[in-house]
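One letter stands for each residue in the lines below.
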Amino acid sequence: MSVPALYIGSTVPYAGKTTLNVGIGLRLQKEGLNLAFMKPVGQIPFERDGQNGDEDAAYVQSVLNLDNPLDLITPILITQDFKVKAFNGQVDKKEILLEKIKKAIQKISPDKDLLLIGGTGSMFSNRYCGMDAITLINELDFKAVIIDRINHEINYDTLIMLKDSLGDRLIGVVLNAVPHSFMGEAENIFVPFLERNKIKVLGMLPQDPIMSAIRIDVLAECLGGRIVAAQRNSGRMVESFLIGTMQVDNFMTYFRRAAKQAVIVGGDRADVQLVAIEGDCSCLILTGNLYPNDIILSRAETLNIPVIIVRDDTYTVAKHMERILSRYKLRDAIKVRRAALMVSGQLDFQAMRQALRV
Amino acid sequence: MHSRSPLTVLFSPASIALLGSFETPGSTGNIILSNLAASGFNGKIFPIHPDKPSILGLPALRNLKELGGTQPPVDLTVIALPAGQTVAALKEIAQIHGRAALVVSSGFKETGHKGAALEKELVEIARNSNIILLGPNCPGLINPGANINISFSGAAAAPGNIGFFSQSGAMFSSFITWTQKARLGISTVVGFGNKAMLNEADILAHMSRDAGTGVIAGYIESIDEGVRFMNIAQLTTRNKPVILMRASGTSAGARAASAHTGAVDGLDMAYEAAFKQTGIIRAQNSAELFYLSKAFASQPLPQGPGLAVVSNAGGTGIIAADACEKAQISMASLSEKTIAQLKNILPPYASFFNPVVAVGEINAEGLAKTAEAALQDRNVHSLLVIITPSSFFTLPQVTEKLLKIFKKYSRKPIFCCFMGEENLMDIEAVLGAAGYPLFSFPEPAVHSIAAMYKYKLWKDTPMPVNVSYRRDIHKARGIIASARTTAKTSADSGGAVELPARLAHELFHAYEMPVLKTKMARTSDEAVQIAKQFGQSVALKIASPQITHKTDVRGVALRLDNPSAIRSAFTDITARVRRLRHDAYIAGCFVQEMAPNAAHEITIGFKRDSRFGAMLFFGFAGLQQEVFKDLSCRIVPLSLGDVQTMLREIRGFPVLTGTRKHKTINLTAIEDVILILSQLAQDFPEIQEADCTPVFVSERGAVVADMRVLLSKSCE
Chain R
1 MSVPALYIGS
11 TVPYAGKTTL
21 NVGIGLRLQK
31 EGLNLAFMKP
41 VGQIPFERDG
51 QNGDEDAAYV
61 QSVLNLDNPL
71 DLITPILITQ
81 DFKVKAFNGQ
91 VDKKEILLEK
101 IKKAIQKISP
111 DKDLLLIGGT
121 GSMFSNRYCG
131 MDAITLINEL
141 DFKAVIIDRI
151 NHEINYDTLI
161 MLKDSLGDRL
171 IGVVLNAVPH
181 SFMGEAENIF
191 VPFLERNKIK
201 VLGMLPQDPI
211 MSAIRIDVLA
221 ECLGGRIVAA
231 QRNSGRMVES
241 FLIGTMQVDN
251 FMTYFRRAAK
261 QAVIVGGDRA
271 DVQLVAIEGD
281 CSCLILTGNL
291 YPNDIILSRA
301 ETLNIPVIIV
311 RDDTYTVAKH
321 MERILSRYKL
331 RDAIKVRRAA
341 LMVSGQLDFQ
351 AMRQALRV
Chain U
1 MHSRSPLTVL
11 FSPASIALLG
21 SFETPGSTGN
31 IILSNLAASG
41 FNGKIFPIHP
51 DKPSILGLPA
61 LRNLKELGGT
71 QPPVDLTVIA
81 LPAGQTVAAL
91 KEIAQIHGRA
101 ALVVSSGFKE
111 TGHKGAALEK
121 ELVEIARNSN
131 IILLGPNCPG
141 LINPGANINI
151 SFSGAAAAPG
161 NIGFFSQSGA
171 MFSSFITWTQ
181 KARLGISTVV
191 GFGNKAMLNE
201 ADILAHMSRD
211 AGTGVIAGYI
221 ESIDEGVRFM
231 NIAQLTTRNK
241 PVILMRASGT
251 SAGARAASAH
261 TGAVDGLDMA
271 YEAAFKQTGI
281 IRAQNSAELF
291 YLSKAFASQP
301 LPQGPGLAVV
311 SNAGGTGIIA
321 ADACEKAQIS
331 MASLSEKTIA
341 QLKNILPPYA
351 SFFNPVVAVG
361 EINAEGLAKT
371 AEAALQDRNV
381 HSLLVIITPS
391 SFFTLPQVTE
401 KLLKIFKKYS
411 RKPIFCCFMG
421 EENLMDIEAV
431 LGAAGYPLFS
441 FPEPAVHSIA
451 AMYKYKLWKD
461 TPMPVNVSYR
471 RDIHKARGII
481 ASARTTAKTS
491 ADSGGAVELP
501 ARLAHELFHA
511 YEMPVLKTKM
521 ARTSDEAVQI
531 AKQFGQSVAL
541 KIASPQITHK
551 TDVRGVALRL
561 DNPSAIRSAF
571 TDITARVRRL
581 RHDAYIAGCF
591 VQEMAPNAAH
601 EITIGFKRDS
611 RFGAMLFFGF
621 AGLQQEVFKD
631 LSCRIVPLSL
641 GDVQTMLREI
651 RGFPVLTGTR
661 KHKTINLTAI
671 EDVILILSQL
681 AQDFPEIQEA
691 DCTPVFVSER
701 GAVVADMRVL
711 LSKSCE
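Sequence order for the protein chains is R and U. This note's numbering puts the first residue of the first sequence at 1, with every later residue one more than the last. This note's numbering puts the first residue of the second sequence at 1, with every later residue one more than the last.
Chain U with its partners taken away, still in its complex shape (with noise of 0.2 Å):
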């Protein structure tokens, strides 16, 4: 029995064996025992060499089973051999019951199909010896506070409250100096390589749980386990914030995955969705990882929106006004007895409103005077001082005139910039070891401060409350079986099967989505006696399983009032699309009532992406989507919350509340038809995309006039 878990063994080893090359300095093997060594671990290490007694001043074993008396034998074994021998290290580690293995060694999967397979096998053993594996092919881990430095890396990393993961070595190492530099700690450092066995999911799970974990950072380039990595980190942005990075390969993300759902791309909106869903703060490059991790782990979260600007200087101050807009956080309205504490403080000439802007000629005193002023307003929730160079005071003066005040604050955040400065070094780290982040130009403290503020308002939301919608799942089961039928029947069905459009209406009937009055008609006397029955005028839409884009072989006539209209319409459409797609079966028309006036045109939809499940899309229909990819996604399940946020996310939300001429949309109507086809994408995984386009919506409602329902290959 194991009182501790496993992957608390691995990050907080009580001993550490290596197995690897150190003869040679600057060898792997070499440099991680040296720095392990030097990096003062309480526990035991045990270096395994066959011929020396010991290695840089260890005590060195002759190999693993010398270690089967002790009692636990080792926690953890870390293997800096050749690709070629981890595979039997492994089996030693299992044959002592060691309980996790570090490899940082490469030549596997990166390397091709051997390398793949030898991975595998490592995978294999772990599994069945209950072994838990980091890596293959990982720059390694460190943990300050239990003074462990199992890496490449030199630097001496200062305990704290980042948790930092990565899947690549450079970002691994360059975040240490990073942190080392703005005089940050962290509590786990650490790189999962090929993530043969561990990956993002359950690295973020572990730091979600450690206590000495306050932020947790990362840069990824893939995650393996979508849904479960969601799961988790719904969870834990809750308690702690989780700042990303992820490197997006862009032109592959570009490339269209279907034709139809073509504006959707797939991997790089999964992400972003998934991220959205689960109040990850989403770093857009390294530098913003790095100034975000910063920001969090050294200042409390602001309890409001209002931030006061503090500048010896104007224009600093309309460039932090201007950032603040765009960062979509609000410059605090000062009270009138702040303002007549400053006209007591400053010349008269400065400017006593948000930005304060102190002038050129005030004293160091004078400005941590203005800043308390600032920071007593109960409308201020946090403060940015910015600081040019001046004549007035030199920047350590201020520094300590401005840290005295600071600290009588400590529950609002507080943020420095000392712009034009060439050497900010000892400064920073005089506010870095008082814990105030220090920036060289106003925006990125500006967008700090914003994202602090929303991850404030998203940790105060509610947990998502899922919705379930009335649908008749047995019928719909029965539906989903017929065509599974006719799929196997075609066998020339390579990829996805579309549902017949007749049993996708069946379909959106079970589940009670509202969809636009539509029959077949074969002839066009059918056409004209079902436009009688429907008492007003219809389009006719060409019917043929060939084609999906009806528009695009003009296959659509619309406001047809009178039988000699529907007619020719009828017609001109089947005649027309014979000539222009000679592969088509043509069955007729569809005949439907006509959409309401005055109606915009949207599309929903959802399509499954391999990690994450299902996505769902929303946005205005036809060019507004093609062209300008003016799309929201969300992955299912989705709350209703989340279907809300997903509506106003499109920059042509503006048009649904009204226009000139249209007005305000009934967007419940939206939101209902948004929840049925996530309740559909739930109940049938075997649907690989459903898009509805157009929706129909207005004041009165919403309502679908095409769907399109595609079968994975895999429902048999």
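Looking at chain R on its own, in the form it has when it is part of the complex (with noise of 0.2 Å):
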């Protein structure tokens, strides 16, 4: 493999590999880099244009300004039909995907500096076909960078695994969305017992609020409910959520603690609705299916205040709202300039350029 190549893996699904691809790539670039992006085997099939493409790939590949076919840039695409045929031994061998792969690179990577390379679901994703990051990176020769989401503690039996199974083309890994109590833990404990490892902790990213917030009309799409009040202020983020059942005395005293919360409540407690509204929540969620009173709808009109019915009850919802708001991709302007700020103030990019030798 002529370019160097660097491939962006994650621990678990959804850790941050878009933020980081977006993060590196648009770093790089202001240094002068002439880069090359794919995201090799897509599990978010999409169509645009007539080709067919995943919508990640796509959608890093405009942030960084390049514009090459969506096919080429995806050449293996994880559709329903690819996978059941792949459980059926459908698809084509590991070996001849892999061909594939290669010849989408050289089609792409002639005269760049460098091919960043985005990953899928895990670095284990997609073993039932061969088109793990692990095979991928080992077979085609990739250097490696993956970023670990703290979800308590940091997954060191993993990156351990991943070191021994990757050697020395893993550069190194970033511990991403790290709360600010856990901060000196991780720099006192885990970062020196990594490094013990052999393993490089390339930086550490800061839990923010901003990186896991939604928009308001996404966040009704994922929950399947219909804005019904305020649809003009439906671009705004909600940051949170909070779940109005209790007596709007005590409602009050959670409410004020945070900001851009989404209030999710029961269509038929207009009490804490209109405490919501009132107290500029960012959007009120009425469950059951049930519409709001005239008086609710009208003063949300006023305020400003998008209005979302759902049909599922309070505890589904708020079931839905923790994984969307855990899980939510990286699509927004506002969320785009936040993770390159972060990854580009909070990495060590020499150490990385040094490895990949660019």
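Please note that a few of the clues may not be correct.
Unchecked claim - Here are the simulated lysine-lysine pairs, BS3-like style, with alpha carbons at most 27 Å apart:
#: 1; chain 1: R; residue 1: 329; chain 2: U; residue 2: 550
#: 2; chain 1: U; residue 1: 532; chain 2: R; residue 2: 85
#: 3; chain 1: U; residue 1: 550; chain 2: R; residue 2: 83
#: 4; chain 1: R; residue 1: 83; chain 2: U; residue 2: 459
#: 5; chain 1: U; residue 1: 550; chain 2: R; residue 2: 85
#: 6; chain 1: R; residue 1: 85; chain 2: U; residue 2: 517
#: 7; chain 1: U; residue 1: 517; chain 2: R; residue 2: 319
What the hints contain is simulated information worked out from the structure, not anything from laboratory work.
Take the two lone chains and join them into the complex the hints point to.
The structure is reproduced here in structure tokens:
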């Protein structure tokens, strides 16, 4: 492989690969490197102008201002058809699939300084068809940076295992969403531990509510809901949520603690709805498919607070919200700017470029 | 061997013992004993007191055991002791083989766990000793015919034909006062308090059998044994009108019971359906409860819909005519003979057509003659006389004249409305004593006449005939059993278990339910092959056990008529749903034949109510259901008549009878789908909910496009 290639993978899905791709890509472009980008195995199929591709790949490419054909930057697209056929032994063998990827790389990488490669799912995803990250990195001789999202603690076992599998191809790891309360422990215990195990920690990205925020219209779509008031303000962001099932007094106590909250409340709790609207919540999510009364609707319109009506009950919606806020993809300009800033400021680019020899 | 039924013993006891604290004036025991003593009861009264030889002039016994020698010892024992002493008291009653106990004491389940435990103990003792128990926490009972007043109410109720039961002490005493004021008579008034043993179904059954009760009225907040209550009501209302007011907790009722059938709020809808199906007349408020009771108790039922309105003022006649339209009762067309008669009675500028407006200067004699002319008319089945203040007669004069005429036409219901008068107490007393209800406004009068006519139609309707549909019950049982096995193996199913789509289809096939041809495709190639087999354009729908509302995740594509469109839609749907719902397992897509053109989408289903059993609902699918809640509901089992009424009850029914774009829908086909679901609900009590949405209906028939069946957790 003539062009150096950097694979961005993660220990778990939704760990922040796109954030890292965008942050690293924009910084290196700024430093004057001529980049190519691809996501060889895509699993969010979509169609644009008659071309099938991966939605994430297309987004990263557009942020990096690149314009290769979608089917070229994602030669292997995991659709429902692909999966079922793979389980039935009807898809091409691993070697043929790898050959497809090599050909795509040859087409997009001539005269480039670096090929940035976006991973799919976790480092182990798509092992069933031989398209997991470990196979790709080793077979195609990529270098790798792995991002790990902190969920209570660092996935140190997985990282050590990945180091064993990748050897020197693993340039280092990035720890993402590190809570401020955990920063000291990470710096004093886990970073030295990983480095003793020859795993370079390239940087730590602090937990940031903006990075897990979601636009209200996207939120409505994810919840299968309808926006029935203040649609014009549905581009507003939601960073967290609050369940409004308690008495109004108690609700106020919790409500005041955080900003940009979506308030999830039963469609029949006009008292809480009104308090939330007057208190400038980000949006109201009314559960149980119950329409609010006219007073609520007119106040929401006046104060520009979008109201989403969803069919599910409050508990189910809260569960969905938790999942959505932890897994929502990087799509908005505000988040891209924040990602670029964080990655640029926190990562050891010098060490990375040295390892890549670019 | 006892010759009288336990309830007869309770309501018409030959002897009554009272346990309580009687000394203090104003205490519960003191008031009850005073009221009983004052009511003129012919039987024996035994106040029980450990020290005093006599209470309120009545000889007292030291304890119940002193009654042991008498035969029978005592019919009814009233307990007005503190809650903590009631258990011991009931045990004493059991020892002397007492037959009925009325516990007025409070401090039971209405106060919390401790009280509930005490109440449970009371019930156990009563059951084990064959004692019938009314209460606790109940305001008592009054039977004026037998001169019995065991209550806090000192009002002297007159004997009559209204039986009233109440879950509220306030309504108990208010009803007595109202009837007193209107000179109405009562057969029985009973408050059942906490309903520890006797509940509304028992009281209804008793009043149904009681020859002295002609009209049954009641105030309830809940019904404990829904199915039993409905069975009793179904038979009772064929003989006697039952008028009930139910105070419903609207906020609780509005809360959706489950996501899928969110529009069916369960509680109050079930009551509404149960009342409709059993011919119970529902009073929407306490005023209505009273004036309907008054109307039914005092006048015969109208034999037809024709109402004549006679008034001495034009405006009131028009108000009454408007009220008729709203109440869906018709203003009678007067015969030529009547009109000719009226022309002889009234000046030429009066209105001779219904409403008949005798001009302002008419006197009492003229008004009475006008009323008689209307009553003579064969087209007139009921009469409303509306009088406004006039200088040409006094109210006593006109009342006297009218009563003379009314008495000649006792088979037609006649109502009076005297508007704008300040003091009608005396007139109401005169009219009430003669059996004619007086109203202050025309609308309640018209509403009462309409309710009476509807009740007459109900009485004339033959008893419902239940229809049984052909089905392969063995196959259906196998499907349910198979689903149960799967449910057991999936330990994460916390609540109800949803039948997998394939099994739901098979279950519906076993019931010969018309269902759109549907097959599962795991890949786009399979989808194309299936579409080829169907030989027409198809719909693709996401197949995932976690996704019920496919359109919410844009998991449906319609009218796909070529392989390329099918492949593209397949990829599009599966990818989108995967993106939106990370938690969902995507099995592929269902390929379904397209619904007939120009079909309406309706929703039919049932969900089980804890009190009444399966409640079936019908309405238009989509916004009509979700926003406007335009649904009709009935309790299973349904008769064909029930289903036909259900269809016509929704506001959107005219759409089904044909619009500019759509032909008249095949209503029989919808009836079949509803009745098949009713059968399914009866056959499988373990099915908690079933929902067919959408059902496509057109002039050619009805066909189910999507269905969902939930088994209750307790099906194991």
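Consistency of the hints with the structure:
no., hint, in the structure
1, R/329 to U/550, "holds, 23 Å"
2, U/532 to R/85, "holds, 21 Å"
3, U/550 to R/83, "holds, 22 Å"
4, R/83 to U/459, "violated, 65 Å"
5, U/550 to R/85, "holds, 25 Å"
6, R/85 to U/517, "holds, 26 Å"
7, U/517 to R/319, "violated, 35 Å"
The structure is inconsistent with the numbered hints 4, 7, although it conforms to all the rest.
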